[in-house]
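Chemist: Each chain is listed here by its residues.
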Amino acid sequence: MLAAPLAPAATFAQGWAAERYQVEDRKSGYLYLGDQTQALQDDDFLNHAFFAVERGAELWSAVDGAAGVSCASCHGDAAESMRGVTARLPRYDSERDGIINLELLINRERERKLKAEPYAYESEDLLALTAFLAFQSRGIPSEVEIGGAAAPFFEKGREHYFPRRGQLDLSCTQCHDERDGMMLRGDRMSQGQTNGFPFYRLSWHSMGSTHRMFAWCNNAMRAEPYAPASEEYLNLELYVAWRGRGLPIEAPAVRR
Amino acid sequence: MLAIVSVLVVSAAAIAGDRELVPFEIVDGGIPDPLTDLAGDPVIGKQVVTNAANATCLICHPMPIPEHPDHGNLAPPLNGVGSRYSAAELRLRIVDAKVLNPDTIMPSYYRLSGFTRVSEEHLGQTVYSAQDVEDAIAYLMTLTDG
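Protein sequences appear in the order of chains A and B.
By this note's numbering, the letter at position 117 of the first sequence is numbered 117, and the numbering carries on one by one without gaps.
By this note's numbering, the letter at position 39 of the second sequence is numbered 39, and the numbering carries on one by one without gaps.
Don't take every hint at face value.
One side of the interface only, derived from the structure: several residues of chain B facing chain A at Cβ under 8 Å [what the hints assert, rightly or not]: (1) L21; (2) A55; (3) G72; (4) S83; (5) R117; (6) H122.
Some chain A residues flagged as far from chain B (calculated, every beta-carbon gap over 12 Å) [unchecked claim]: (7) R20; (8) Q22; (9) D25; (10) K27; (11) H48; (12) R55; (13) A66; (14) L105; (15) N107; (16) A116; (17) R165; (18) L168; (19) H205; (20) S206; (21) P228.
If you are wondering where the hints come from, they were derived from the structure by calculation, not from laboratory data.
Glycine residues also receive a C-beta, built at the ideal position from the N, C-alpha and C atoms.
This is chain B alone, in the form it adopts within the complex (with noise of 0.2 Å):
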């Protein structure tokens, strides 16, 4: 019973995100320090960034990654993402990209403030949860030459 509670609670947790947000410090248009202890895992970033049921970035990027159908264009190429920024710089366009262009259309998936009518499904929570961002950091850094 534990066991099947305890994978229920893991599995909306991936979904919903995170409720209190870890501190961490905007330098020179980056975040350089992780935002978890727990290294960026390649693998479980992929999954992350393709997740349909969470804002996955396919949804406005197109990615090399034609065994998913149907990437948007709204927003540029994410190929070669992993050459053109460092980690940091991913970082923060992840986080909160309006930090950077107030203008832009990029969802900030690590904020819980400043927003308009928040649905109640959502209300309180991150999109991503720290892991989630620096999993998708991880495999976004093997975009490389795109």
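Extracted from the complex, chain A is given alone in its bound form (with noise of 0.2 Å):
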């Protein structure tokens, strides 16, 4: 039943501070859930996240593929090799000449070092490895790149994010900057934060991505989604993390 947390490395959120949550304006999800729900991202051993973290962490040294290698083979142990990475990202890819994160940079290494089919975006094991990812950044702050070649696209990202969508007509800004806080229903609003991702998210009894959650947004707006990967989406990733500046990694967070 319960998962066995991995990776030593790492910083259990189980005691963070409550400060260690929010950086100047800037607040994690984490602030805006109720004490049950905080509850469950504390202890690993209650976080339905760690179901993923665990299957990530077969995948990293499973062997797949025609190159008959694992991620392991090259890049060793994760809790080494991979601790901050996922601070960093998204970023600029030159050869992509476009935003690259996390999802995409596994699928461009199982293709070409591991001879290995891309998995589909939102599939249960990238999920897994992302979160395996993710987690070996825990405690780190998230700081992403903006300028030089990434500039244009933090600038197309920044501009999707102002803009009202969607036959109910609403703006990213005008709830997770100017209502955050505010109750929707019954969800409490946060700033929209990234820093948890990918995150378990209570009611979809599943694990989720950011691009999912960005087309959740969408399809509540009455607006039409874009596809995950979607060029829209990266640059949106990008200035969102940036957005968070600071905030510490989290993942794999619990939300409602």
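With the hints in hand, could you dock these two chains into one complex?
Modeler: Printed below as a string of structure tokens:
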């Protein structure tokens, strides 16, 4: 029943002081949760996302694909080699001449190094591996690069955040900047920070990526969502990560 | 068979809103004339405004209906709206509150144009049908002396 905690190099969320969930005016979604949901995240033995972390650890060392190697064959102990990686993602990638995130980096490595099929976006295996890797950065402040070649893509992400969308005609900022802390039906509106992703969402009974959450928000506005891994969501992911700059990675988080 | 088909059509239309607007006139911050000939029904109106499948007021507004859980509080309570506003004023606020305040987050429940990237499911439709608007007003007018 209980998932074993992994990777002793990572810091456990349990016992974090409250101020670690806030940097200046930027607040983790954790602070908007009720006590019971916070308790689920606080204890890695109760946090449902640790089933995904455990599965991700298996995938990390599992040989897959025509090359006959695993992630661990090259990268070794993820607790060392991957520490901090997620905190600097997403980032500009010259090959794509666009933004790349953890999900797409994993799939590129699978195709090139493992000679394996890429995982489907939002598949259980990709969520497991991203949860495992993001967990290796737990406690490290999120700090994405928005200058240089990333700048135009960051700007597109920023421009995505402010216009109204959908039949209900609402923008990201109207809820997540201007009304955080207020109740949207039974849910307390958060700032929409992404330092806990991938997360376990109780209302979904499953793990989810940032792009699934973006699509969920678009659907709630009755706006046509973009595809996972679309340029629009990758650029938005960069903008939103920057918005939460300095917040320690707390993946895998639990949210309502 | 016909009966089944017509039931399905009616229930779909109840959620889907209208694909064409009935003409209406805005006078002094309100829409004085009802959108439909059939007078609004407050009992049906209560179902309309609490319908969780169709952008219920409760997402954002507290309302004096404790039998429904989890009222939002992004927007002002609707307690007493029937005393504060006339039916004409409520009609404009439901139809298109942005006529009065372009910056409001209140969705326009009876508008078809001026949106960006409306989902395929809702494209070309109003949130409420004209009759939904009238039923909702009839119910909200019963919320007096908040």
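Chemist: Should the label of P228 (chain A) as a non-interface residue stand, given a Cβ cut-off of 12 Å to chain B?
Modeler: About 16 Å separates P228 (chain A) from the closest Cβ of chain B, which puts it past 12 Å; holds.
Chemist: Was A66 (chain A) rightly flagged as not at the interface, with every chain B Cβ beyond 12 Å?
Modeler: holds, 40 Å
Chemist: With d taken as the least Cβ-Cβ distance between D25 (chain A) and chain B, does d exceed 12 Å?
Modeler: holds, 19 Å
Chemist: Classify the label on N107 (chain A) as holds or violated, using whether its beta-carbon is more than 12 Å from each beta-carbon of chain B.
Modeler: holds, 27 Å
Chemist: Was H48 (chain A) rightly flagged as not at the interface, with every chain B Cβ beyond 12 Å?
Modeler: holds, 23 Å
Chemist: Does the closest beta carbon of chain A sit nearer than 8 Å to the beta carbon of L21 (chain B)?
Modeler: Since the shortest Cβ distance to chain A is 14 Å, the answer is violated.
Chemist: Holds or violated: is the Cβ of R165 (chain A) farther than 12 Å from all Cβ atoms of chain B?
Modeler: It is violated; R165 (chain A) is separated from chain B by about 5 Å at its closest Cβ, not greater than 12 Å.
Chemist: Hint check: is the beta carbon of H122 (chain B) less than 8 Å from a beta carbon of chain A?
Modeler: The hint holds - H122 (chain B) has a Cβ within 8 Å of chain A, the shortest such distance being about 4 Å.
Chemist: Please verify that hint: A55 (chain B), Cβ, nearest Cβ of chain A, below 8 Å or not.
Modeler: holds, 6 Å
Chemist: Just checking, R20 (chain A) versus chain B, shortest CB gap more than 12 Å?
Modeler: The claim holds: R20 (chain A) sits with its nearest Cβ about 28 Å from chain B, beyond 12 Å.
Chemist: The output says S206 (chain A) does not contact chain B. Does that hold with a beta carbon cutoff of 12 Å?
Modeler: Holds, since 22 Å exceeds 12 Å.
Chemist: Examine each Cβ of chain B, and state whether all of them lie more than 12 Å from the Cβ of A116 (chain A).
Modeler: holds, 35 Å
The structure is inconsistent with the numbered hints 1, 4, 17, 18, although it conforms to all the rest.
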